[in-house]
Amino acid sequence: MLLRAALQSLWNNKRRTILTMLGIVIGIASVIAIISIGKGFQRETVSSLTSSESDKMSVAAYFIPDNMNQSNRSEAFSPKNLADIKRIDGVDSVSTQQSTQTYYTVNIKVDDAVISSTADLLDGSEQQKILVAGSDIDRADNAGKKKVVIIRQNTAEKMYGSAQNAIGKGIDVNGIKFYIKGVVPASSMQMISFNMNFEKDVLIPKATYQQYFEKNKKQALTEITVFVKPNYSVKAVSDDLVEYLNKNGNSRQMGTYGVLDMSQMMQAIGSVINGLTYFISAIAGISLLIAGVGVMNMMYISVSERTKEIGIRRAMGATKGSIQSQFLLEGVLVTFSGGMIGYLFGILVASLIAKLLPFGIYIDIPTTIMTIVVSILIGVVFSVMPAKAAAKKDVIDILR
Amino acid sequence: MLIELQNIDKYYPVGREKLQVLHGVNLQIEQGEFVGIMGPSGSGKSTLVNILGFLDSKYEGKYLFEGHSVSGLSDSELSHMRNRTVGFVFQDFHLIDAATVFENVQMPLLYAGIPSKKTAGAVAQALERVGIGDKSKQRPNQLSGGQKQRVAIARALINQPRFIIADEPTGAMDTKTSASIMEILSDLNKNEQVTVVMVTHDPTLLKYCTHQIKVVDGVVQKGTLKP
Numbered sequence: 001m002l003l004r005a006a007l008q009s010l011w012n013n014k015r016r017t018i019l020t021m022l023g024i025v026i027g028i029a030s031v032i033a034i035i036s037i038g039k040g041f042q043r044e045t046v047s048s049l050t051s052s053e054s055d056k057m058s059v060a061a062y063f064i065p066d067n068m069n070q071s072n073r074s075e076a077f078s079p080k081n082l083a084d085i086k087r088i089d090g091v092d093s094v095s096t097q098q099s100t101q102t103y104y105t106v107n108i109k110v111d112d113a114v115i116s117s118t119a120d121l122l123d124g125s126e127q128q129k130i131l132v133a134g135s136d137i138d139r140a141d142n143a144g145k146k147k148v149v150i151i152r153q154n155t156a157e158k159m160y161g162s163a164q165n166a167i168g169k170g171i172d173v174n175g176i177k178f179y180i181k182g183v184v185p186a187s188s189m190q191m192i193s194f195n196m197n198f199e200k201d202v203l204i205p206k207a208t209y210q211q212y213f214e215k216n217k218k219q220a221l222t223e224i225t226v227f228v229k230p231n232y233s234v235k236a237v238s239d240d241l242v243e244y245l246n247k248n249g250n251s252r253q254m255g256t257y258g259v260l261d262m263s264q265m266m267q268a269i270g271s272v273i274n275g276l277t278y279f280i281s282a283i284a285g286i287s288l289l290i291a292g293v294g295v296m297n298m299m300y301i302s303v304s305e306r307t308k309e310i311g312i313r314r315a316m317g318a319t320k321g322s323i324q325s326q327f328l329l330e331g332v333l334v335t336f337s338g339g340m341i342g343y344l345f346g347i348l349v350a351s352l353i354a355k356l357l358p359f360g361i362y363i364d365i366p367t368t369i370m371t372i373v374v375s376i377l378i379g380v381v382f383s384v385m386p387a388k389a390a391a392k393k394d395v396i397d398i399l400r
Numbered sequence: 401m402l403i404e405l406q407n408i409d410k411y412y413p414v415g416r417e418k419l420q421v422l423h424g425v426n427l428q429i430e431q432g433e434f435v436g437i438m439g440p441s442g443s444g445k446s447t448l449v450n451i452l453g454f455l456d457s458k459y460e461g462k463y464l465f466e467g468h469s470v471s472g473l474s475d476s477e478l479s480h481m482r483n484r485t486v487g488f489v490f491q492d493f494h495l496i497d498a499a500t501v502f503e504n505v506q507m508p509l510l511y512a513g514i515p516s517k518k519t520a521g522a523v524a525q526a527l528e529r530v531g532i533g534d535k536s537k538q539r540p541n542q543l544s545g546g547q548k549q550r551v552a553i554a555r556a557l558i559n560q561p562r563f564i565i566a567d568e569p570t571g572a573m574d575t576k577t578s579a580s581i582m583e584i585l586s587d588l589n590k591n592e593q594v595t596v597v598m599v600t601h602d603p604t605l606l607k608y609c610t611h612q613i614k615v616v617d618g619v620v621q622k623g624t625l626k627p
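Chains as they are written, first to last, in the working numbering: chain V, 1 to 400; chain Z, 401 to 627.
Keep in mind that the hints were calculated from the coordinates and are not lab data.
Accuracy of the hints is not assured; some may be wrong.
Here are the computed lysine to any residue pairs in the SDA-like style, where the Cα-Cα straight-line distance is at most 20 Å [to be verified]:
#1 Lys393(V) - Lys537(Z)
#2 Lys308(V) - Asp456(Z)
#3 Lys147(V) - Ser125(V)
#4 Lys393(V) - Ser476(Z)
#5 Lys39(V) - Leu276(V)
#6 Lys169(V) - Ser117(V)
#7 Lys86(V) - Thr45(V)
#8 Lys14(V) - Ala512(Z)
#9 Lys518(Z) - Lys458(Z)
#10 Lys388(V) - Ser476(Z)
#11 Lys206(V) - Glu243(V)
#12 Lys320(V) - Ser471(Z)
#13 Lys537(Z) - Ala6(V)
#14 Lys320(V) - Phe502(Z)
#15 Lys129(V) - Lys146(V)
#16 Lys229(V) - Lys206(V)
#17 Lys320(V) - Lys537(Z)
#18 Lys392(V) - Lys537(Z)
#19 Lys308(V) - Phe502(Z)
#20 Lys614(Z) - His423(Z)
#21 Lys320(V) - Asp475(Z)
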């Protein structure tokens, strides 16, 4: 009955009700949009930072040499070490996956200056390139590990006056004499390196590069990833791991071993993003406060406009309590329905924004519950005083 | 004895002074009476009916309703008393314009704690009783003055109260409409033994009454009228 009376009076003042609701809608919508985007961003960040075996907790163990120059000389993790680590209680598996190098650099000598240049490695099977002069690197060059190179037109002109003159001439690459087989225009470098987005300065046969520049360079294992079995404390396992490595590690005399607990890092990053999200939401929440004051204003107006109705109801037997509940319910109805509309609107806005972002939004149950609780709470807090004022009115004064 | 007032004094604060509106009122009203309260403006008629109708509880003296004192009852107890024992009919109707006729008449039942679903029959019956059974879906502002007052009477009757207080029920009506409203009240009084306490300015209405109360300067005198 109270509900019907409340709905009816809200309906009778549609415009005022809607305007008041709008404040709540905007407030809740902005909070929800921020939280859902923030949580989406947090999940995206955390999941992109965790490895592919995401359901397993992992610890990264690394080696820091005392002297940086020694880093390549020995292996920090010997095969024996790896086998031993696998036997540590709680260790599920050990990954020695190295990060693959995505670009290469070589030093070329132009006149007397040594220039560090990016290099693309070709095996002759690539698409034909547009050349200013000379010819392309072919399979034979790669198979024969020939010391040939394609350089940029501006480099060729600097060294030999023109692109034509440079063909067949020598160029110093990492201290080894290479022959210039072709010259590409400076501007077309973007096109030829279609598989890499940035421009390469020189092109060298892959096999040649491996033969001359990578021959003695054995990739040293400086970091391993240890996966922890479920139900084992990551902390305890990483403590065991550090203790073992600093006692038995292959390079223990030359430096120290340490661990990087990915899950802890994830938690830290996650909590920072979380904190940030809630901070921005709190600022957006101020608009909710203002909307609440709007509700209070509306309720006071409603009470004074409906003084006669209050008097009639009291004469018909309504107690102070039932008058108070009626107005309280009205206020809560406005904020609750405003909150629900705002919630949906916020999700809509967030998902529209998310279309422009590389990650999706995320709504969890606590956020939903929070929305409901907050919107009801605003209704109660800001309607209590007008409702009390309504109940306190003197019946005789009203009906006189 | 339905109503018994003993030495009721009523004061209104006027600035720092107290203005006495009722002077030691002693009054008895029996079940089934039709009491007309007459008196000039400002004599204390309205104050008297407010006390009788449990709207005003700030008075000195004793009010016995069916032998039980209602002086000193709490606000919510008085609210229940109003709901169960008295029906009001006001000069300017006091209907809720935003609600339909049905909802207006239904309201006292709801405050009595009766579920909305079970009220339809009683409401229809009450509207039929005052001759506006076809108006239940309309709103008060679509009705004429006489029809509005019929709604108010239906609302006053709906909880089967012990008595009805009518405060100048025909004050704003022409004689014809006035007569039809009075007929309804008189009929209720004669055929259903509903006690009616009516405030009026109009001496011609006394022909409907069984008793007359004269209020002059806060002093009350009750007399019997010829049937």
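Here is how each hint holds up against the structure:
no., hint, verdict
1, Lys393(V) - Lys537(Z), "violated, 30 Å"
2, Lys308(V) - Asp456(Z), "holds, 17 Å"
3, Lys147(V) - Ser125(V), "holds, 17 Å"
4, Lys393(V) - Ser476(Z), "holds, 14 Å"
5, Lys39(V) - Leu276(V), "holds, 10 Å"
6, Lys169(V) - Ser117(V), "holds, 19 Å"
7, Lys86(V) - Thr45(V), "violated, 29 Å"
8, Lys14(V) - Ala512(Z), "violated, 30 Å"
9, Lys518(Z) - Lys458(Z), "violated, 36 Å"
10, Lys388(V) - Ser476(Z), "holds, 15 Å"
11, Lys206(V) - Glu243(V), "violated, 42 Å"
12, Lys320(V) - Ser471(Z), "holds, 19 Å"
13, Lys537(Z) - Ala6(V), "holds, 19 Å"
14, Lys320(V) - Phe502(Z), "violated, 24 Å"
15, Lys129(V) - Lys146(V), "holds, 19 Å"
16, Lys229(V) - Lys206(V), "violated, 41 Å"
17, Lys320(V) - Lys537(Z), "violated, 29 Å"
18, Lys392(V) - Lys537(Z), "violated, 32 Å"
19, Lys308(V) - Phe502(Z), "holds, 19 Å"
20, Lys614(Z) - His423(Z), "holds, 13 Å"
21, Lys320(V) - Asp475(Z), "holds, 8 Å"
Going through the hint list in order, the structure does not satisfy hints 1, 7, 8, 9, 11, 14, 16, 17 and 18.
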